[in-house]
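Residue numbers (the working numbering), protein chains in the order written: chain F, 1 to 92; chain X, 1 to 362.
Where hints are given, some of them may not hold.
Claimed, not checked - Among the chain F residues that face chain X by a calculated CB cut under 7 Å, a handful are: (1) Lys13; (2) Arg17; (3) Ile21; (4) Lys25; (5) Val28; (6) Pro30; (7) Gly33; (8) Asn37; (9) Ala82; (10) Asp83.
If you are wondering where the hints come from, they were derived from the structure by calculation, not from laboratory data.
Here the structure is a predicted model, which means the values were calculated and not measured.
Idealized CB from N, CA, C, for every residue including glycine.
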Amino acid sequence: MIALAARPRLAPKARLRVDRISGRKLLVYPERGLALNETGAEILDLCDGARSVGEIIEALCARHGGNERIADEVRGFLQELADRNLLRGLEP
Amino acid sequence: MTAERPYTLVAELTWRCPLRCAYCSNPVRVREQSAELDTATWRRVLREAAELGVVQVNLSGGEPLVRDDLEQLVAEAHANELYTTLITSGVPLPRARLAALAVQGLDALQLSFQDDRAAEARRMAGVEALEQKLRVAEWVHELGLPLTLNAVLQRDNIARVPELVALAERLGAERLELANTTYLGWALLNRERLLPSAAAIERARVAAREAAERLRGRMEVLFVLPDYHTDFPRPCMGGWARTIVLVAPDGVALPCHQARSIAGLRFDNVRDVALAQIWRESPGFRAFRGDEWMQEPCRSCELRHKDFGGCRCQAFALLGDAAATDPACRLSPRHALVAAARENAEREPAGELVYRRAPAAD
Numbered sequence: 001m002i003a004l005a006a007r008p009r010l011a012p013k014a015r016l017r018v019d020r021i022s023g024r025k026l027l028v029y030p031e032r033g034l035a036l037n038e039t040g041a042e043i044l045d046l047c048d049g050a051r052s053v054g055e056i057i058e059a060l061c062a063r064h065g066g067n068e069r070i071a072d073e074v075r076g077f078l079q080e081l082a083d084r085n086l087l088r089g090l091e092p
Numbered sequence: 001m002t003a004e005r006p007y008t009l010v011a012e013l014t015w016r017c018p019l020r021c022a023y024c025s026n027p028v029r030v031r032e033q034s035a036e037l038d039t040a041t042w043r044r045v046l047r048e049a050a051e052l053g054v055v056q057v058n059l060s061g062g063e064p065l066v067r068d069d070l071e072q073l074v075a076e077a078h079a080n081e082l083y084t085t086l087i088t089s090g091v092p093l094p095r096a097r098l099a100a101l102a103v104q105g106l107d108a109l110q111l112s113f114q115d116d117r118a119a120e121a122r123r124m125a126g127v128e129a130l131e132q133k134l135r136v137a138e139w140v141h142e143l144g145l146p147l148t149l150n151a152v153l154q155r156d157n158i159a160r161v162p163e164l165v166a167l168a169e170r171l172g173a174e175r176l177e178l179a180n181t182t183y184l185g186w187a188l189l190n191r192e193r194l195l196p197s198a199a200a201i202e203r204a205r206v207a208a209r210e211a212a213e214r215l216r217g218r219m220e221v222l223f224v225l226p227d228y229h230t231d232f233p234r235p236c237m238g239g240w241a242r243t244i245v246l247v248a249p250d251g252v253a254l255p256c257h258q259a260r261s262i263a264g265l266r267f268d269n270v271r272d273v274a275l276a277q278i279w280r281e282s283p284g285f286r287a288f289r290g291d292e293w294m295q296e297p298c299r300s301c302e303l304r305h306k307d308f309g310g311c312r313c314q315a316f317a318l319l320g321d322a323a324a325t326d327p328a329c330r331l332s333p334r335h336a337l338v339a340a341a342r343e344n345a346e347r348e349p350a351g352e353l354v355y356r357r358a359p360a361a362d
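Given only the sequences and the hints, what does the whole structure look like? Please build it.
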């Protein structure tokens, strides 16, 4: 599980871009791509290597009304990206 | 039936290659081939692809490094926000050229290895290349580019999965593709020499799975099962003309590497027709989209939207009917053909490897 103290940022191989067809955010990396939903895009925008996972959760709770679901969603999403080796800064 | 958009463009820049791998999936012969596209046309194709919704471009071949305009093509792809991967043997590639490609915006590199042992690698490729590949992998690492290591598995290297995993780890690869040979093109000519036994494939599969678990989060280990041994067809290209478009060296746009081997299909050339129009309307692209073309047992099969009836080119190569169920499928009435090849693989093969050449014209 991703530590709350980790300060994630995207790995250099990953590119975040807007899809010309759907207008949605795409995360593109070697020979693969992920179409992000709004939450995923919002989470990644906050992954700047400075904010901790805890701070990212707080920011999203403040924006959307705090609840535990957001914390689970953030950590689940970041874990998925970490399993694909798409994040750096995970060592607290 | 149209498909929304392709995500990947495979730009086969050339069929020239210094290597002569006996498992090559390039066509053995090509009807009506014309000269390679020039730089300006490839740049237009890259722009058209980006407009059509392509996000990944694989610069492939043959060996794309033999094109001396590769830097310009990488720059054009980069300017169009395309994630650009060089699919290469690493031959010939001086460090300065790799650095120049990185500066122009190359995003990633996929480097092929025939074997981790020099003599065996030479026997499969027909030339000496292992030392050069190891140097290229080091430079890739130094330049900070993500590296995929690709090994096409066949009879002589299938037992080397643990060593190939160790090599990929040592070279700092982000991905390792252990792809069993697809028996089309040159590989079909060499099938008897290349197809491994069932037991050898099972040992390789287990070794690859263990590596994938051990390396999760550090290196992706991908094991592509051989359809000859699974009794299920592979979902070839993720479905015919569904997410991938390929442009051959002479400009013919295709749904896959082998599609022009299918007699009776008509394909357009990017010299004459815009890529978007080809994607939507080319008769060759529409021929096997969706499921209306399917015959039984595919037509009523509940897996038809998962495996898309398998590989059209394999159905044509083995049965002479591109609309037939892929004979790799256990439900194909002609499955015995594949089963016989598989049984044959339990014996030691005879005969010499036939080495790849650039495709002959009919």
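Going through the hints against the structure:
1. Lys13: 4 Å, holds
2. Arg17: 6 Å, holds
3. Ile21: 4 Å, holds
4. Lys25: 12 Å, violated
5. Val28: This interface hint holds because 4 Å falls under the 7 Å limit.
6. Pro30: OK, holds: Pro30/F within 7 Å of chain X, min 4 Å.
7. Gly33: 6 Å, holds
8. Asn37: 17 Å, violated
9. Ala82: 6 Å, holds
10. Asp83: 6 Å, holds
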